[in-house]
Amino acid sequence: MNFNPGDLYGVLPALLLAAGALVLLTSEVFLRPVEPDRRYQAWVAAAFAFAGLWASLAQLGDPAQPLFAGAAVSDGFAHIVAAVVCAALFLSCIVAFSYLESLRATRGEFYALALFSASGMCLLAQATDLVVIFISLEVMSLAVYALCAYLRRGKRPAEAAFKYFILGSFASAIFLYGAAFAFGASGSTRLADLAATVRSGSATTLVYASAALLAAGFAFKVAAVPFHMWVPDVYDGAPAPVTGFMAAGVKAAAFATLVRILVSGYGEGGRWRGLIVALAYLTMLVGNLLAVPQRSVKRMLAYSSIAHAGYLLVAVAAMGTSAPRADAAGALLFYLASYGATVIGAFAVVAIIERKLALSGLGDDLSSWAGLSEKHPALAAAMSLFMISLAGVPPTAGFMAKLTVFRSAIEADLVPLAIFGVITSVAGLYYYLRVVVYVYMVPEAKADAVQGGRLLSAGLAIAGCALIVLWMGVLPGSFAALAQSGAAVFGR
Amino acid sequence: MVDFFHAHQAQHYLVLAALLFALGAAGVVLRRNAIIVLMSIELMLNAVNLTFLAFARFPLVANSPMQGGFSQGHAAVFFVIATAAAEAAVGLAIIIAVFRSRTSVNVDEFDSLKL
Amino acid sequence: MRALDYLSPYLPVLILLLFAGVLCALIGAAATFLGPKRITAIKETAFECGSPSIGDSHSRHSVKFYLVALLFVVFDVESVFIYPWGSLLRDFQAEGLGWFAYVEMLSFMATLALGLVYVWRKGALEWNP
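Chains as they are written, first to last, in the working numbering: chain F, 1 to 492; chain H, 1001 to 1115; chain U, 2001 to 2129.
Treat the hints with caution; some may be incorrect.
Calculated lysine-lysine pairs in the DSS-like style (CA-CA distance at most 27 angstroms, straight line) [claimed, not checked]:
{"id": "1", "chain 1": "F", "residue 1": "356", "chain 2": "F", "residue 2": "375"}
{"id": "2", "chain 1": "F", "residue 1": "298", "chain 2": "F", "residue 2": "375"}
{"id": "3", "chain 1": "F", "residue 1": "155", "chain 2": "U", "residue 2": "2122"}
{"id": "4", "chain 1": "F", "residue 1": "155", "chain 2": "U", "residue 2": "2064"}
Computed Cβ-Cβ distance ranges for the label pairs, DEER-style [as the list claims (entries may be wrong)]:
{"id": "5", "chain 1": "U", "residue 1": "2068", "chain 2": "H", "residue 2": "1069", "range": "38 to 44 angstroms"}
{"id": "6", "chain 1": "U", "residue 1": "2080", "chain 2": "F", "residue 2": "105", "range": "36 to 42 angstroms"}
{"id": "7", "chain 1": "F", "residue 1": "5", "chain 2": "H", "residue 2": "1013", "range": "34 to 40 angstroms"}
{"id": "8", "chain 1": "H", "residue 1": "1030", "chain 2": "U", "residue 2": "2080", "range": "30 to 36 angstroms"}
Just so you know, the hints here were simulated from the structure itself, not pulled from any lab data.
We put the CB at the ideal spot given by N, CA and C, even for glycine.
Work out the full structure: start from the sequences and follow the hints.
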């Protein structure tokens, strides 16, 4: 039996996060009669998220090795994704603290659910067995569905959660059907055995069907275009800090797994490349086009998230060619980190505005952003920075990320795809800069200040995100080196 | 080497599972009642279970490269059943939350988020 | 034609189904057309164990039923993992991993127990509305 208890060290970040969630759940039921104030939960959750971040960074130098008889793997790629997830969780906890406090909605379980979903994401990045991938996927998804329905205000959160739940479970079932076909074709649920079957040339209809079903299941999760219908509703209906965490964390984990399945499971031939290239074209086009007419900033950011999934798919497609895969994998990791920092910052600003709207009973519209620069110049500057980073303008993280992704696409002989990506990002400038125009140039109709107090923690998180965005844009060297070291497992 | 006798036997279960999966998928897309949609998803997962079991009992390949062999298909079914139960619990909780806000579980009436 | 080969064993079943359906329809039709119909008030009342129905048959059940049923299903289904563990424990012992496997299952059960304690303290098992 090829099993070593020491393998548990390899999944340390996920273990830490799950332990944190259990601690929070226990404290919720036993501490509440004694201590009705639940504010400590945010700091406990942030502490566990930081511990997870530390653990994943500490394991970064370890040599890649399989865990649990090949069901999971401990390698640099997984550790960097885990680090991105933990950092996203850390920042989101801080944002959620001030958001929930000011809405007087701090009930139990919020942070426990966030920790559970993050532990699922960390495991998802490490899993190399289709059943383990399914379980991690469900641990992540079930917690996120519940988080979407967390605010019990009006109809929107519950309906958003319902849509997400139905379509997400549908996608999980499709993924699982693909896993069953892969088991039938190779007699195993391990990706390595599947790769051996594909390599042996006995690729049958069953193998192709399994590849299509597995890819379709994950196309739902990463919000690629024919499967993107849930994204605007869910991003709009969920609480803003949760949306930020979803956009950063779920995307990172789902893309890591998509790459793992395609490259480790179906890799050698790269026959899946055509499928991913088609998805990338569609996703970039539709995401950017549909973002243009949006008046609600949250819905605009939702379509922008679809568009960014398209750019990330370009990096995935570049891994299906004969060019060195490590470059494309490094570009993917860098893009995930930069998009995560930007989108969490953007949704933190949205959370502050949304809180004002929730208290004043207005709808989410661009006009509520008018005149922000006069009352809150720092918030306005941060939002503008995040917008130009999403648009991919230098000197921000978004620019460096797009540059590396398109460069890896050109190296992989996907020049038309790269050119199409550049054109759509230029078109995307319009709707991102419109927010900046409203923030700086449109005068506000009537004066109502953002309620003060408890802004401090959200402000700290926004400042942290802005710092990372600028740092990755101006001095990308150390981050890029980190991403390359993580991507080295896909070498050759 | 494919064992044609076994492959032939697996076929019946695979066809049945494919029909059940299609039925479940159609239920998710077409039915209006949220509870029935939830049941359709469970039906899809059970169709997958049947597929796993058919491949585990009547394998298409000569031997399984996995430790534990084809019985890993049975293990997969255990995990799917447990996960499906947790999924149903979360789904029902969400449906109850929707019902509290609008006293209906008819999917057609969930319209507060349309474009 | 291969598809027909797979389905051919089911042909007798199909014939039986058709035969049963036609027979039922024939007998039902014959009874309707040939039988005498004398309906009186006393014949319309509930017979022996039957009792007059109260209210609508589509009444709503309390959501508590679903809640308790789901909690039961979740905890019940988790116990399925104990069987394979039990049958493999000797193999683990032979590998010198007996204690490790034992502690693994203990931690699994402890997590489940924690879930039960959580549910209990949250009041989900109280039946009062």
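How the hints compare with the structure:
no., hint, in the structure
1, F/356 to F/375, "holds, 13 angstroms"
2, F/298 to F/375, "holds, 21 angstroms"
3, F/155 to U/2122, "holds, 25 angstroms"
4, F/155 to U/2064, "holds, 22 angstroms"
5, U/2068 to H/1069: 38 to 44 angstroms, "holds, 39 angstroms"
6, U/2080 to F/105: 36 to 42 angstroms, "holds, 37 angstroms"
7, F/5 to H/1013: 34 to 40 angstroms, "holds, 38 angstroms"
8, H/1030 to U/2080: 30 to 36 angstroms, "holds, 32 angstroms"
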